[in-house]
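Colleague: What follows is the residue order along each chain.
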Amino acid sequence: MISVDQRLLAFLILSLFAAPSLAQDHVPKPGQFPPPNTGTYLAGELAIIDPVNRRGGLRLDGNGGERYHAGPLHYFAMLPYGTISFNGAPAELRDIPIGTHVHGYFYVPPVGEEATIPPLPKDMAQFQLKHNHAVSLEDDFSFYQRRGQSWKVVSLDANKGKLNVAPSGQMAKDGINTPYTFDIDDVTKVWKGRTLVELTDIAPEQVVQFNLGWSPGWRDKEFKVSEVWLDDESRKFATDLQRRRHVKYQKQRWLPGWIDSVEDNDFGGGTVTFTLFGGMDPSLYADLKATQDKGYHVAVAEQTLRTWFHRSDRKLGQVIEWKENENPPPGSSGIQVRMKFTELLDGYRPGRAIRVKCHDWLFVTMPSEERVKTIEEQKRSAVLSLP
Amino acid sequence: MKYRFAQFVLILVAVVAKVQAADVLPVFDQAVQPFFQTYCLRCHNAQKQEGKFRLDTLSRDFADQAVAQRWSEVVFRMNSGEMPPKKEPQPKPQELGRAVDWLSARITEGEAARMAKRGPVAHYRLSREEYGHTVYDLLGVYFDVNLPGAFNEDPRWHGFERIGSLLTLSPSHVDRYFRAAETVLARAFPDQQPVSQKSRREANAGQEKWLQEQGLVGPVRWALWSGHGQHLVNATAPGLYRIRIQLSALPSFKGRLPHLALWHHQLKRSVVGLDVNAAEDQPTVIEIETFLPEGNFNVMNESPGMLADGQTPSVTQFPFVNTKVNRPNRPTAYRLFNDEGQSIFPLLIVDWVEYEGPIIPVADQRKREGLTPAKDGDLIEARECLKRFATRAWRRPVIDAELDRYLKIIESELAAGEKFRAAYRAAMVAVLTSKNFYYLEEGSPTERRATVNDWELASRLSYFLWSSLPDDELFGLAQQGTLHRPEVLRAQLARMLAAPKIGRFTESFPRQWLQLQRVGAFSPDASLYPDYDKWLEQSLVLETTGYFSEMFSKNLPLREFLVSDWTMLNPRLAMHYSLPRPAASGLQRTSLRAEDHRGGLLTHASILSLTSDGTRHRPVHRGVWVSEAIFGRTPPPPPPNVEPLAPTPSNQPKATIRMQLEAHATHATCASCHQKIDPLGFAFDNFDAIGRWRTSEQVAGGKGDDPTVNSSGKLPDGRAYLGADEFKHLLVQDIDRFAEAFVEQLATYSLRRVMTIDDAAQIKNISQASKLDDYKLRTVIENLVLSDLFQKR
Numbered sequence: 000m001i002s003v004d005q006r007l008l009a010f011l012i013l014s015l016f017a018a019p020s021l022a023q024d025h026v027p028k029p030g031q032f033p034p035p036n037t038g039t040y041l042a043g044e045l046a047i048i049d050p051v052n053r054r055g056g057l058r059l060d061g062n063g064g065e066r067y068h069a070g071p072l073h074y075f076a077m078l079p080y081g082t083i084s085f086n087g088a089p090a091e092l093r094d095i096p097i098g099t100h101v102h103g104y105f106y107v108p109p110v111g112e113e114a115t116i117p118p119l120p121k122d123m124a125q126f127q128l129k130h131n132h133a134v135s136l137e138d139d140f141s142f143y144q145r146r147g148q149s150w151k152v153v154s155l156d157a158n159k160g161k162l163n164v165a166p167s168g169q170m171a172k173d174g175i176n177t178p179y180t181f182d183i184d185d186v187t188k189v190w191k192g193r194t195l196v197e198l199t200d201i202a203p204e205q206v207v208q209f210n211l212g213w214s215p216g217w218r219d220k221e222f223k224v225s226e227v228w229l230d231d232e233s234r235k236f237a238t239d240l241q242r243r244r245h246v247k248y249q250k251q252r253w254l255p256g257w258i259d260s261v262e263d264n265d266f267g268g269g270t271v272t273f274t275l276f277g278g279m280d281p282s283l284y285a286d287l288k289a290t291q292d293k294g295y296h297v298a299v300a301e302q303t304l305r306t307w308f309h310r311s312d313r314k315l316g317q318v319i320e321w322k323e324n325e326n327p328p329p330g331s332s333g334i335q336v337r338m339k340f341t342e343l344l345d346g347y348r349p350g351r352a353i354r355v356k357c358h359d360w361l362f363v364t365m366p367s368e369e370r371v372k373t374i375e376e377q378k379r380s381a382v383l384s385l386p
Numbered sequence: 000m001k002y003r004f005a006q007f008v009l010i011l012v013a014v015v016a017k018v019q020a021a022d023v024l025p026v027f028d029q030a031v032q033p034f035f036q037t038y039c040l041r042c043h044n045a046q047k048q049e050g051k052f053r054l055d056t057l058s059r060d061f062a063d064q065a066v067a068q069r070w071s072e073v074v075f076r077m078n079s080g081e082m083p084p085k086k087e088p089q090p091k092p093q094e095l096g097r098a099v100d101w102l103s104a105r106i107t108e109g110e111a112a113r114m115a116k117r118g119p120v121a122h123y124r125l126s127r128e129e130y131g132h133t134v135y136d137l138l139g140v141y142f143d144v145n146l147p148g149a150f151n152e153d154p155r156w157h158g159f160e161r162i163g164s165l166l167t168l169s170p171s172h173v174d175r176y177f178r179a180a181e182t183v184l185a186r187a188f189p190d191q192q193p194v195s196q197k198s199r200r201e202a203n204a205g206q207e208k209w210l211q212e213q214g215l216v217g218p219v220r221w222a223l224w225s226g227h228g229q230h231l232v233n234a235t236a237p238g239l240y241r242i243r244i245q246l247s248a249l250p251s252f253k254g255r256l257p258h259l260a261l262w263h264h265q266l267k268r269s270v271v272g273l274d275v276n277a278a279e280d281q282p283t284v285i286e287i288e289t290f291l292p293e294g295n296f297n298v299m300n301e302s303p304g305m306l307a308d309g310q311t312p313s314v315t316q317f318p319f320v321n322t323k324v325n326r327p328n329r330p331t332a333y334r335l336f337n338d339e340g341q342s343i344f345p346l347l348i349v350d351w352v353e354y355e356g357p358i359i360p361v362a363d364q365r366k367r368e369g370l371t372p373a374k375d376g377d378l379i380e381a382r383e384c385l386k387r388f389a390t391r392a393w394r395r396p397v398i399d400a401e402l403d404r405y406l407k408i409i410e411s412e413l414a415a416g417e418k419f420r421a422a423y424r425a426a427m428v429a430v431l432t433s434k435n436f437y438y439l440e441e442g443s444p445t446e447r448r449a450t451v452n453d454w455e456l457a458s459r460l461s462y463f464l465w466s467s468l469p470d471d472e473l474f475g476l477a478q479q480g481t482l483h484r485p486e487v488l489r490a491q492l493a494r495m496l497a498a499p500k501i502g503r504f505t506e507s508f509p510r511q512w513l514q515l516q517r518v519g520a521f522s523p524d525a526s527l528y529p530d531y532d533k534w535l536e537q538s539l540v541l542e543t544t545g546y547f548s549e550m551f552s553k554n555l556p557l558r559e560f561l562v563s564d565w566t567m568l569n570p571r572l573a574m575h576y577s578l579p580r581p582a583a584s585g586l587q588r589t590s591l592r593a594e595d596h597r598g599g600l601l602t603h604a605s606i607l608s609l610t611s612d613g614t615r616h617r618p619v620h621r622g623v624w625v626s627e628a629i630f631g632r633t634p635p636p637p638p639p640n641v642e643p644l645a646p647t648p649s650n651q652p653k654a655t656i657r658m659q660l661e662a663h664a665t666h667a668t669c670a671s672c673h674q675k676i677d678p679l680g681f682a683f684d685n686f687d688a689i690g691r692w693r694t695s696e697q698v699a700g701g702k703g704d705d706p707t708v709n710s711s712g713k714l715p716d717g718r719a720y721l722g723a724d725e726f727k728h729l730l731v732q733d734i735d736r737f738a739e740a741f742v743e744q745l746a747t748y749s750l751r752r753v754m755t756i757d758d759a760a761q762i763k764n765i766s767q768a769s770k771l772d773d774y775k776l777r778t779v780i781e782n783l784v785l786s787d788l789f790q791k792r
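Chains as they are written, first to last, in numbering that gives the first Met the number 0: chain A, 0 to 386; chain B, 0 to 792.
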């Protein structure tokens with residue numbers, strides 16, 4: 000027979016494993032990527048975004064202690080190395096339509112960035128969640144597909160606007176991994192091949208991916224299917240469109256990374272080692288790798304990955320070494336580059352973000368609102384403005 | 000300098016062949032006739048005359064330029080492998096090498112004889128450096144001969160820029176002498192005496208209100224980062240200026256001191272430079288007294304770094320107060336402080352600048368006394384003044400008939416309506432543009448003299464040691480006709496060696512002897528040697544001239560040119576050599592340890608870099624330099640169309656230059672020379688192209704690690720060495736040969752002509768006499784000055 004003490008001990012042990020919130024939070028530090036699987040999972044609908052500063056607000060799933068009825072959004076900032084996926088391809092916040100349901104893994108604020116997400120007003124303080132810096136953010140399409148989970152259509156009741164599905168393939172640890180009924184209506188976009196088709200083209204046994212959005216039953220974790228892809232071709236097409244958009248975006252703004260170390264020369268210049276952030280399209284890394292002998296332009300960036308006037312505020316260096324780590328930590332591409340410069344910028348400091356331009360990419364001037372232009376603007380942009 | 004010996008192969012085996020011209024024929028028969036007989040004469044004799052050329056009747060008078068030219072052609076064709084033709088029997092490399100060596104030596108001897116040839120009157124034009132010193136000593140006017148457009152650069156012979164036969168005169172020279180004379184006299188006797196002005200500029204002036212608004216404690220200062228300057232000094236007229244600057248000077252985080260310079264806006268170069276060190280909260284006041292050309296000057300931090308691409312902000316946008324307040328506030332600004340908060344670059348922080356000038360020292364004003372008439376219109380006084388001036392300027396008595404021509408200039412100017420002062424100035428200009436001024440003349444057209452007279456001796460002596468005209472005491476002794484007496488000459492020499500002007504000799508002679516003009520001639524590749532900067536380049540030369548000066552002032556034996564446990568360093572050089580920084584910022588004597596790998600001239604970075612091509616060290620060039628500067632011998636020229644060393648292909652193991660050369664030297668036409676030259680250069684393979692110590696050679700191409708340096712070798716006489724230190728000690732074992740070569744260099748400099756075999760015996764005598772006093776430097780100089788050679792015409 001189990002004694003009371005033994006039951007208490009067993010409870011404590013179980014609690015330790017069952018409730019991650021009791022475990023000590025990993026606090027990100029500048030220049031260090033977090034260990035794998037240490038982020039806190041949160042999901043919700045992307046309700047507002049500040050695309051320039053890579054921040055936003057989620058309406059979290061369900062009610063959460065009347066949060067749906069009376070509480071605020073969950074405001075968050077992307078970590079500099081935080082990755083965003085949409086339609087199965089790398090993306091920016093601006094690529095994800097407002098109202099899209101997303102999944103993310105979050106950390107408490109990194110050292111030195113505790114004030115980035117300001118505390119909620121006192122009357123909402125009880126809704127404050129400390130995990131507000133995202134290492135990843137994905138729409139349902141990307142989230143489930145990347146984990147090998149798809150959905151098998153069980154039945155469609157177009158009149159009632161209900162779609163019954165069952166998970167298929169490898170089950171995702173987080174998110175929904177049980178048979179589920181979603182709302183669906185004639186606003187839902189249904190893709191087959193490269194074409195929009197009718198709702199009635201959805202048929203049982205089809206293996207699909209979809210994106211979700213708000214439903215009147217949100218507080219009870221009900222979702223509406225906003226977009227559904229019925230076959231591989233449609234999914235590949237969606238992914239490819241987003242991939243192209245992403246590649247164009249990064250070529251104009253350059254690949255983000257951060258400085259690992261700087262060795263100064265007192266006669267000018269020095270050697271800079273940096274790591275490129277992960278989550279980018281492989282062709283972008285390949286571009287850099289193939290043009291090492293031409294050197295790279297390196298612009299300093301804020302932790303938001305915003306640059307000042309990157310086509311001008313950058314230095315050109317020579318690549319000394321290119322190293323690849325096969326198993327990089329989350330946020331890292333595993334690519335570390337050592338470069339020699341004849342001049343260094345003040346922003347080349349360990350832990351600070353940079354953007355790296357391949358020699359063959361064209362110089363583009365970013366619109367004013369994307370650039371940091373003054374110290375005052377830099378200070379303002381360091382903190383999210385609550386709506 | 001360069002009389003040539005029969006066999007370069009005997010370079011260190013100490014047998015001097017006193018080859019007289021008359022001896023040439025028999026030696027020719029032994030040395031090269033068998034070679035020609037075997038390989039050449041069959042086609043180039045009376046019967047065949049292949050190519051319409053006969054070798055059997057070619058004159059052996061190498062002093063004849065036309066003959067020497069033909070022999071050069073013969074050597075060229077032998078050396079290039081063109082002759083004998085491939086189908087004919089081919090000589091062994093050693094045979095070919097011996098013949099080419101012998102002929103090259105004769106051709107060079109002939110050249111020396113031609114260059115040293117003297118008629119009844121020999122003319123030696125002043126070098127531009129000597130011109131500058133001469134007008135300063137004559138009139139107290141500083142005339143910068145190096146200014147753009149002032150004078151042509153003088154041609155050099157093995158580094159020497161005062162060889163009479165090379166210093167010819169062209170219309171361009173005459174034009175420049177005329178303009179220089181007008182400038183010099185206008186400064187010496189200006190229509191309106193320039194007023195010496197004082198000025199002061201303060202960084203904090205007018206900043207009190209701003210400091211108060213900002214809540215900062217001042218004062219405001221001028222921060223000068225690397226490559227930055229502030230326009231703070233104006234020289235309204237050329238002349239001597241006294242400048243005082245209060246500043247802090249912060250070393251870089253690696254200890255590099257800031258290099259303060261005065262940078263001339265119009266000339267786009269700095270005219271004064273020195274290293275400075277003073278803590279931020281303990282500023283120091285430095286005082287500079289220097290000649291400045293007219294113009295505007297920046298007080299400048301000339302340390303490397305050059306933070307000025309025109310768009311990257313390098314300083315904060317508000318006035319500088321201190322390094323705590325004034326950190327860059329934009330990440331897009333230059334990185335000025337490292338991650339530990341230390342200043343990355345040497346930083347100058349200036350509080351104020353005071354300057355005064357042009358100052359005319361009393362001593363300089365005295366030089367001008369009695370050279371211009373006190374009264375306008377007094378032609379008798381004008382004649383007396385002009386006579387005094389011409390006598391000083393021409394360094395000899397002036398006869399009335401000579402002076403009449405110049406008086407006529409005054410008269411004709413007056414007749415043309417010029418004012419008296421201007422007319423007199425025209426005559427003075429004529430004196431300074433006379434050949435009597437810019438030529439040193441020795442000999443006379445009416446008598447064949449074997450020795451110089453006392454006037455000529457006075458000039459010879461003063462241009463040797465002071466690079467300028469004789470002073471009053473030498474003039475007086477020349478006038479008395481007693482200067483040539485050994486006791487008088489010895490006393491004068493002692494006086495001259497003790498005078499401050501001797502610094503001209505201790506700077507100029509080593510620069511010419513050691514060919515230091517070549518330092519920086521090929522700027523080191525910035526990507527390979529990013530640490531190399533202009534101040535380092537100047538410091539390299541300063542070490543070597545400073546070393547000579549130390550040898551001179553301490554009267555050290557010549558041996559210490561080859562080996563020593565000391566050198567002369569400033570902080571920049573110490574950093575270059577990875578030695579501790581000297582306490583003071585100027586050049587100073589520093590002790591060396593064996594592990595420092597320095598000591599003696601040959602491991603000065605100046606010497607090691609002047610033979611480099613900007614990217615690589617050049618062992619062969621180093622070998623040639625050692626041969627010329629240390630042994631006074633020039634090896635035969637390389638054959639034409641030598642393939643340059645190709646970069647190591649990426650699929651081949653990395654190879655040192657030595658490895659490549661050794662492969663190259665296996666070629667028959669190359670081997671005979673390289674085996675004599677290369678060992679003199681390989682000894683220094685532990686030093687890179689800018690003279691830094693290394694144990695492996697950085698190779699751009701090829702695969703694998705950089706190869707280890709091999710600095711061992713074997714002299715032609717078989718003695719082996721392992722590295723530069725052992726090599727230098729082998730040279731010390733042959734100190735007599737070095738001493739003789741040194742005397743030859745000194746004689747070339749002082750007598751302004753190339754030494755020939757006719758001088759060999761006297762050079763040897765001087766050297767042997769000096770040996771009795773352990774070849775002490777001043778003793779060598781004294782023995783030269785008191786020798787027959789020094790007074791020989």
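Since the hints were derived computationally from the structure, they do not count as laboratory data. Quantities reported herein were computed from a predicted structural model and do not represent experimental measurements. C-beta: ideal position from N, C-alpha, C; glycine also. There's no promise every hint is true.
Claimed, not checked - Coverage of chain B stretches by chain A, computed from C-beta distances (three or more under 8 Å per stretch; other residues unrestricted): (1) 414-424; (2) 593-599.
Stated by the list, open to error - Result set (DMTMM-like, lysine to aspartate or glutamate): computed pairs, CA atoms no more than 20 Å apart in a straight line: (3) A:K28 to B:D704; (4) A:K28 to B:E152; (5) A:K235 to A:E342; (6) A:K322 to B:D704; (7) B:K253 to A:D94; (8) A:K339 to B:D308; (9) B:K702 to A:D292; (10) A:K293 to B:E339; (11) B:K434 to B:E152.
Said to hold, decoys possible - Chain A is faced by these chain B residues, among others (derived, beta-carbon under 10 Å): (12) S302; (13) M305; (14) L306; (15) Q310; (16) R329; (17) Y333; (18) P444; (19) E446; (20) R448; (21) F521.
Colleague: Using Cβ atoms only, decide whether B:M305 comes closer than 10 Å to chain A, and label the hint accordingly.
Modeller: Check passed: Cβ of B:M305 comes within 6 Å of chain A, closer than 10 Å.
Colleague: Just to be careful, I want the Cα atoms of B:K702 and A:D292 compared with a cutoff of 20 Å; is the pair within it?
Modeller: holds, 17 Å
Colleague: Compare the distance between the alpha carbons of A:K28 and B:E152 with 20 Å, and conclude whether the hinted pair is satisfied.
Modeller: violated, 63 Å
Colleague: Is the interface hint for B:P444 satisfied, with its Cβ closer than 10 Å to some Cβ of chain A?
Modeller: violated, 60 Å
Colleague: Mind checking the alpha carbons of A:K322 and B:D704 for me, to see if they're no more than 20 Å apart?
Modeller: holds, 19 Å
Colleague: Under 10 Å, Cβ to Cβ, is where B:R329 needs to be relative to chain A, so tell me if that hint holds or is violated.
Modeller: Holds. Min distance 7 Å.
Colleague: Does the alpha-carbon distance linking B:K253 and A:D94 stay inside the 20 Å limit?
Modeller: Given pair B:K253, A:D94 is violated - Cα atoms ~49 Å apart, limit 20 Å.
Colleague: Interface hint check: B:E446, Cβ to nearest Cβ on chain A, cutoff 10 Å. Holds or violated?
Modeller: This hint is violated: B:E446 lies away from chain A, its Cβ roughly 63 Å from the closest one there, beyond 10 Å.
Colleague: Given the hint that A:K235 pairs with A:E342, does the C-alpha gap stay at or below 20 Å?
Modeller: Given that 20 Å is the threshold and the Cα spacing comes to 44 Å, the pair is violated.
Colleague: Regarding the pair B:K434 and B:E152, is the alpha-carbon distance no greater than 20 Å?
Modeller: With a Cα-Cα distance of about 19 Å, the restraint between B:K434 and B:E152 holds, given a limit of 20 Å.
Colleague: Closer than 10 Å between Cβ atoms is the bar; does B:F521 clear it against chain A? Give me holds or violated.
Modeller: violated, 20 Å
Colleague: Do the numbers back the hint for B:R448, that is, is its least Cβ distance to chain A under 10 Å?
Modeller: With a closest approach of 58 Å, the B:R448 hint is violated.
Checked against the numbered hints given earlier, the structure breaks hints 1, 2, 3, 4, 5, 7, 10, 18, 19, 20, 21 and satisfies all the rest.
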